[in-house]
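Add chain B to chain A, keeping to what the hints say.
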Amino acid sequence: MLALHSRHRSLALLTVVVFAQVLLLAIQIKRGDQVRLIRFWSVSLIAPIQRTVSWSTNKLRSGWRNYLGLRGSAQENAALREELARLKLRNAELEGRAAETDRLSALLGFRDSHRDVPMIAARVIGASAAGTSKTLYLNRGEADGLRRNMAVITPEGVVGKLIEVYSDTAQVLLLNDKESGVGALLADTRTQSPVGGTGEPLLVMKYVTSDEKVSIGARVLTSGQDRIFPKDLPVGTVASVRPGNPFQDIRVRPAARLDQLEEVLVLLAHQEHLPQKAAPDTTPKSAVKPASAPR
Amino acid sequence: MEIRTQADRPIEVHKFYSGAIFGAAALALLLQTFLPRKLPGADLLDLPLLVTLYFGLSRRNPSTGLLLGMLIGLLQDSLSHSPIGLFGISKTLVGFAASSIGSRIDVEHPVSRFFLAVLFFYFQLTVLVVTRRLLLAQPEAFFALNPLLAALLNAVLAVGLFAILDRLRKS
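Chains A and B, in that order, are what the protein sequence lines are.
Positions in the first sequence are counted from 1; adding 1235 to them yields my numbering.
Positions in the second sequence are counted from 1; adding 44 to them yields my numbering.
If you are wondering where the hints come from, they were derived from the structure by calculation, not from laboratory data.
Check the hints yourself; a few may be wrong.
DEER-style ranges, computed between Cβ atoms [said to hold, decoys possible]:
#1 A:S1291 to B:R176: 47 to 53 angstroms
#2 B:D87 to A:T1287: 46 to 52 angstroms
#3 A:S1291 to B:V57: 51 to 57 angstroms
#4 B:R176 to A:A1247: 22 to 28 angstroms
#5 A:L1303 to B:R176: 36 to 42 angstroms
#6 B:R177 to A:G1307: 55 to 61 angstroms
#7 A:S1291 to B:V174: 20 to 26 angstroms
Some chain B residues judged to face chain A by a derived CB distance under 10 angstroms, without partners named [what the hints assert, rightly or not]:
#8 G113
#9 M114
#10 I128
#11 L130
#12 G139
#13 F140
#14 S143
#15 I145
#16 I149
#17 H153
#18 V173
#19 T175
#20 P183
#21 L201
Virtual Cβ for every residue (Gly too), placed ideally from N, Cα, C.
This is chain A alone, in the form it adopts within the complex:
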């Protein structure tokens, strides 16, 4: 027992003595990079601890931020969501204004290029209450000079005609309504045929005989025969052609985006008062009334 105790004491002493000398060596020795070994050891010893402490601190901080610190985040989140919704609304409003500006700019450009044609810009304020009819309501009415059967167009093409006019509003029958129709012709062959609505997005060109060659993509223009729309306004393009007897089944895609109308132009004169061609650069200088911007 005594020997065992003595041996342990010797081992402890040996450890202390060797360790002390190792430290002594470390204090004296410089490594290749002129760093004293004791410093190198100290750094090597401390660095992992520092890294561990730093890692733990970061984890704790992260945990605090991500969990404990989020106690008040519910309210903040709600406020942010509210702010986001408000900003989205604002953004949509601004986008709408920007789009409106573009549209108005296009209308203005169209009006400027047809300065001699009396027209008035109107804003779409409503649509049909029933899905079976394709109508719109405008913010212009009789007080603005609107009358029944006046042509409604956009720079892209024909929209429809006024079917009812009130003091300060008017109802437009869109071109794709079943009851609607426009005198038209194929731009390439000048083949005339009325184009009417079907209640579907595509129009139908009704009376083109089977011996007429009609190609898909062919442009369809107003013929002026209906005495509502001026001649050569874009109606649309041929979307499909099916052979038939005696008439082909020709579907026309409207040039105007009838389902996305927001501003339109109302031609203030009936066709008989208008020049025969309302296309740019060909319009005769016979202005009746200059156009005005939508209210």
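Positioned in the frame of chain A, the structure of chain B alone reads:
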């Protein structure tokens, strides 16, 4: 003086005349610094090692053995250009190991002393090499012809030296 180990085998612990240990150590250190300048090949000798080994084997007390080794080693370091502690560590371990072995095997016979000297020479060399490699980043070969020659030379010297040092024991 006689003590008993765990195996109840009596081992003899030698006592030395007062000042004999420190005198022998000081003389060894002095000769170690003196002889290589006068005697070619004397740089192969390690008299402090032999003194440490002898007193460790004789005293058979690990604590005193390692302390004596530490003292001799540190003095050897201080008298050389090596970092203080290099030989200190090695001779501390030699003193401890020698004291531990001394109570287990026969260390009185010249042949065993010869082999013990060789063994501890390489033990010290190993500790030195490891210390140099680990602490000083100084690569040094473990085995070479020169150390072998030195080990043999020191072992031969140890047989004679130990016999002389035996005379310093108290009867």
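Tested hints:
Take A:S1291 and B:R176: their Cβ atoms lie about 38 angstroms apart, and the range 47 to 53 angstroms is violated. In this structure the hint that B:D87 and A:T1287 lie 46 to 52 angstroms apart at CB holds, the actual value being about 49 angstroms. In this structure, A:S1291 and B:V57 meet the distance hint of 51 to 57 angstroms, their C-beta atoms being roughly 54 angstroms apart. In this structure, B:R176 and A:A1247 meet the distance hint of 22 to 28 angstroms, their C-beta atoms being roughly 26 angstroms apart.
Range check, A:L1303 to B:R176: about 53 angstroms between beta-carbon atoms, so the 36 to 42 angstroms window is missed. Between B:R177 and A:G1307 the CB atoms are about 59 angstroms apart, so this pair conforms to the stated range of 55 to 61 angstroms. The supplied range of 20 to 26 angstroms is broken by A:S1291 and B:V174, whose beta-carbon atoms lie about 35 angstroms from each other. Given hint, B:G113 at the interface with chain A, holds; its Cβ is 9 angstroms from that chain's nearest Cβ, closer than 10 angstroms.
Hint status for B:M114: holds, given a least beta-carbon distance of 5 angstroms to chain A, under 10 angstroms. Hint status for B:I128 relative to chain A: holds, with the closest Cβ pair at about 6 angstroms, below 10 angstroms. For B:L130, the shortest C-beta to C-beta distance to chain A is roughly 6 angstroms, which falls under 10 angstroms, so the interface hint holds. Proximity of B:G139 to chain A holds as hinted, the smallest CB-CB distance being about 9 angstroms (cut-off 10 angstroms).
With a cut of 10 angstroms, the hint placing B:F140 at the interface with chain A holds, because the nearest CB-to-CB distance is about 5 angstroms. Checking B:S143 against chain A by beta carbon gives a least distance of about 8 angstroms; that is within 10 angstroms, so the hint holds. A cut of 10 angstroms between beta carbons decides the hint on B:I145: the least distance to chain A is about 13 angstroms, and the hint is violated. Checking B:I149 against chain A by beta carbon gives a least distance of about 17 angstroms; that is not within 10 angstroms, so the hint is violated.
Hint status for B:H153: violated, given a least beta-carbon distance of 24 angstroms to chain A, over 10 angstroms. The beta carbon of B:V173 comes no nearer than 14 angstroms to any beta carbon in chain A, farther than 10 angstroms, and the hint placing it at the interface is violated. A least Cβ separation of about 7 angstroms between B:T175 and chain A falls short of the 10 angstroms threshold, and the interface hint therefore holds. For B:P183, the interface hint is violated, the least distance from its beta-carbon to any beta-carbon of chain A being 12 angstroms, above 10 angstroms.
About 26 angstroms separates the beta-carbon of B:L201 from the nearest beta-carbon of chain A, more than 10 angstroms, and the hint is not met.
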